[in-house]
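Use these hints to put chains B and C onto chain A, whose structure you have.
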Amino acid sequence: MIKVISMGYFFTQLARLCETAIMSVGAHLTIAVSGIFFMGIPVTFSLAAYALVIAQNFGLSLVVSLIISFSAVLIASLIFVIAYLKLSDDSFTVFTLASILAFDAAVKSWDSLTGGVLGIAGISRPEFVSTLAKLAWFQFALAILALAIEQVILKTRLGRALRAMKEDKYLVESLGISRRRAGATVILISSFAAAVSGIVSIWRLQFLDPSFGGIILLIQIVTIAIIAAKPKVRWLAFATLIIVLLPEALRFLDLPSSIVGHLRNLFYALILLVMIKNISDKLLPQKRFI
Amino acid sequence: MFFWQILLNSLVLGTQVLLLAVPLYLVHSVSRIYHLALGASGIFTAYALYFALSSNWPLGLAIIFSAVVAIILGFISYHLLGSSIKKKETMPGMLISLALGIILESLISIIFGTDAKSLVSGVLPVISWGNLYITVPGVITLSAGAILALLFLVLLNKTPWGRKLISVAENDNLAASLGMKAVSVRLGVFMLAGLLAGFVGIITTLNTALVPTAGFPLVILAFIVLLTGGLNSFKGVIVATYVLTLIPEFIIGLSGDNWSLNASWKMLIVFLLATLILMCRPNGLFISQTRSD
Amino acid sequence: MFKIVYLFPLFLVLVLAGCAHQTTNNNSTPIKTIKLGVIMPLSGDAAAYGEQAQRVMEYYLPQINERYKDKNIKFEAVYEDGKCSGNDAVSALQKLTDIDGAKIIIGGFCSSETLAIAPLTKDGHVLAVSSGSSNSAIEGASPYLFTLSYRDDVVAKKLADETGKYKTVAIISEQNDYNVGMRKNWLEAMKAYPNTKIVADETFPKGANDFRSILEKVRKTNPDAIFLNPNAGMPSQDLIKQLAEIKDWNGYQLISQYMYMSPEILKAAPAKSEGMIIVDSPSIDNPELLAIKKDIEASKGTLTDLGVYYTASTIDTLNVVTSLIAELGDDPKLVRQALVTRDFKGYISDDINFKNSNFTPTGAAVYVVKNGAVELQK
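Order-wise, the sequence lines are chains A, B and C.
Each residue of the first sequence is one higher than the one before, counting from 30 in our numbering.
Each residue of the second sequence is one higher than the one before, counting from 1010 in our numbering.
Each residue of the third sequence is one higher than the one before, counting from 0 in our numbering.
Pulled out of the complex, with its shape left as it was, chain A reads as follows:
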């Protein structure tokens, strides 16, 4: 009989769900909706967190630190946009994938600023989200807002342009839609969403080290984007629920704790494999016949 449901655990899972949902909005718009395989989301996720924490460690106020954090992410995303505009699609994917490793190397090596491998502990939460419960509800509100924004984007000219780009990237140009502008916009939106997610994640964890972000995070959000292949927000919400909450079930199985982490990675990869094999045609443009 259930005697106690741990509220701490509930709020932690709610927070994780919301953080992932916010970040996945960006992945969904780039990978699933517009077919741009932008893999740099973990970079902007981590960069936002590091920039915020470092700025605060220099004694700057929360507002100023947030401005610095978003400015840093803006610069990084502009670099990604330039790469998108100049490189071929395949090269852009590789560039963004490699940026994760490069960022990791930079963070670990520049230890005077970032704390290196030891990371930065004792990150304080802002007053308005001082408890886990408050933070979780705040993140919930942000997640709802992010999903609502995506819903609006999908209904606008930009959303239609993104979907058209995936169908035929050359034809959209002849219809007067700037593929470059649409692609650049969605990369910026994606980076911003990842930044917001990174900042609220770090308020929950209160600890930051180079393992924050990285390839495993990329796999998680790519899996979500692939499962939510349709340009519909409810598919994204559903995919996020499945990917974040189902591996938690592993905790309750009596497995050696040394393999739980590897089983979780195995689970993500298997889901990704199965989903792509089964719905890969939905990833590509729907062929219409006239």
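Note that these hints are calculated values from the structure, not bench results.
Since we're looking at a predicted model, the values are computed, not measured.
Note that the Cβ used here is the ideal one computed from N, Cα and C, for glycine as well.
Possibly wrong hints are sitting among the right ones.
Stated by the list, open to error - Straight-line C-alpha distance at most 20 Å; calculated SDA-like pairs for lysine to any residue:
#1 A:261 to A:186
#2 C:121 to A:159
#3 B:1126 to C:301
#4 C:266 to B:1130
#5 A:115 to B:1285
#6 A:195 to A:117
#7 C:34 to C:325
What the hints assert, rightly or not - Chain C is faced by these chain A residues, among others (derived, beta-carbon under 8 Å):
#8 41
#9 148
#10 234
#11 235
#12 238
#13 240
#14 290
Just chains B and C, lined up with the frame of chain A:
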């Protein structure tokens, strides 16, 4: 002497990357898929050898066993990627391959644990010329790299086999009507790539250590090299390999005094170099002219 | 349809979470089970330490339970894998406190684990006692955090005493929490030896395994002594093996920290490691402890990587923590109060106390490798 030793060490490291870039290039040539699981596949094969040796199997049997494992992995990879190849779906294929790589790494970690292992105990035998030295696995790496590079350079560009590979990738229906079986060509290449990746996995871990995650950084580097060199230029892949491995090694190796750079900056230097090359030549160092309808 | 689908996974997890907290209604159960949360690296590069510490705990905990049987107390260790990573340690702590209800934590083992969970202990809802974390940043990190390990800065000072004997010295470090901390402390301690020049300060990424170019770079500077500062496992083995490959480079003294206390690692290059100076925890030759260690190794498996000191500190941590809980209950505030006011006896020392520090007072010892074995020098 210091310069030449750094050069020799860097050549060995670069050749390890080239040995993985070769199967990556072959698979891409025949299927247009970036087979990112090759790194993990190579490490899986090395673990198969480790398992056989630590179970006291004879060396010959252990090598045959690991070769069979490598070929089976190639077979499995082909069948997983088959539909993506047929539909020419580059990105979904890459994601399937990435997922397969993670599955292999996770399986190795669960079965063998994540602590590093060694295929050879004790100090590696070295060959010296004056003040220069190189380990025996290093010699094998350099020799294998040189042989494979030359062999495939000739095979791909000068032989009917190479032309068959490329024609199957471009138009498999037309290739079939000319009597070339796309399925058997591709399957053969995937199994060969698996074998080559297994060889790389073993030779790399002979020179250093065996860890489940050793494959991924190597394949990412090989992937960067492939794109930087030019997707349809094997010559470009060879040149890009050594540009992207030697230059960072030299920058780090030759730095000193007030501006000494640690090895931990290496990946960042590689990234910046690749970015520079791709910004100047977005399609790679060596672009081959292709027809477009 | 979609609403049900959305809610089902969440409902499933909440039900499972509740089931994990299920308590029995059976009033006849006399024994109170107290959960001790344990955070240690059970996977990853430092897994050897975590697994071996787990062996010590699994061996010793039944004896402790036997000791407190009359008080109707039973201790149950709940293990979580910290992976020697701050992020994973924080998740592990949250799981131990939120799901398992543990209020007293043994861990982390790695300094990165302990430093990461330190802020989460500050409010006094949970108390953590580590048996293996040595980073000096633990000092002052939290009033509810203690460690029975020796201190890195004490070891670093001793290392500096050894390296300070030479005119030129090079250091090669791994980019890992322990080694980065050790390097920082050593550089600080070396300021007391202005006549010794640090001619090379090389760092390699965590888990790297090809050091040949780094070794050439260090060789170029021609140091009189080389301080090897890698982490446990293959990096320490590979480093000494690859050093041994350079046959025409000799005439330098090798100095290192406790990673090279392991005979397995020394076996990798016995000729090169001969004469190596190692600075480590104080030597413990308590016959009772050595007998326990031997017994654990016979029944559970090797403790080679954990070594004598950390075997002792793990047992002492268990003894101290369980004795206080048995007396005062698993109230973090009461246990903390006792820790900072009392003295304890143990295998690591007859004077274990936290009166002035998050660390118990310890020293460091100097060893030398002779004929493949490590001998205490002074």
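Each hint tested on the structure:
1. Taking the CA atoms of residue 261 of chain A and residue 186 of chain A, the gap is about 16 Å. The hint holds against a cut of 20 Å.
2. For the given pair, residue 121 of chain C sits about 14 Å from residue 159 of chain A by alpha-carbon distance, which is consistent with the 20 Å threshold.
3. Our distance criterion of 20 Å between C-alpha atoms is met by residue 1126 of chain B and residue 301 of chain C, whose separation comes to about 17 Å.
4. Between residue 266 of chain C and residue 1130 of chain B, the direct Cα distance comes to roughly 9 Å. Compliance with the 20 Å bound is thereby established for this hinted pair.
5. The straight-line distance between the Cα atoms of residue 115 of chain A and residue 1285 of chain B is roughly 11 Å, inside the 20 Å bound, and the hint therefore holds.
6. For the given pair, residue 195 of chain A sits about 15 Å from residue 117 of chain A by alpha-carbon distance, which is consistent with the 20 Å threshold.
7. Note on residue 34 of chain C and residue 325 of chain C: the hinted pairing holds, with a Cα-Cα distance of about 12 Å set against a maximum of 20 Å.
8. A hinted interface residue such as residue 41 of chain A counts as satisfied when its beta carbon comes closer than 8 Å to some beta carbon of chain C; here the least separation is about 6 Å, so the hint holds.
9. Residue-level restraint check for residue 148 of chain A holds (minimum Cβ-Cβ distance to chain C is 5 Å; threshold 8 Å).
10. Of the supplied interface hints, the one on residue 234 of chain A holds, with its beta-carbon coming within about 6 Å of a beta-carbon of chain C, less than 8 Å.
11. With a cut of 8 Å, the hint placing residue 235 of chain A at the interface with chain C holds, because the nearest CB-to-CB distance is about 6 Å.
12. This hint holds: residue 238 of chain A has a C-beta 5 Å from the nearest C-beta of chain C, less than the 8 Å allowed.
13. A least Cβ separation of about 5 Å between residue 240 of chain A and chain C falls short of the 8 Å threshold, and the interface hint therefore holds.
14. Taking 8 Å as the C-beta contact cut-off toward chain C, the hint placing residue 290 of chain A at the interface holds, the least distance being around 6 Å.
Of the numbered hints listed earlier, not one is contradicted by the structure.
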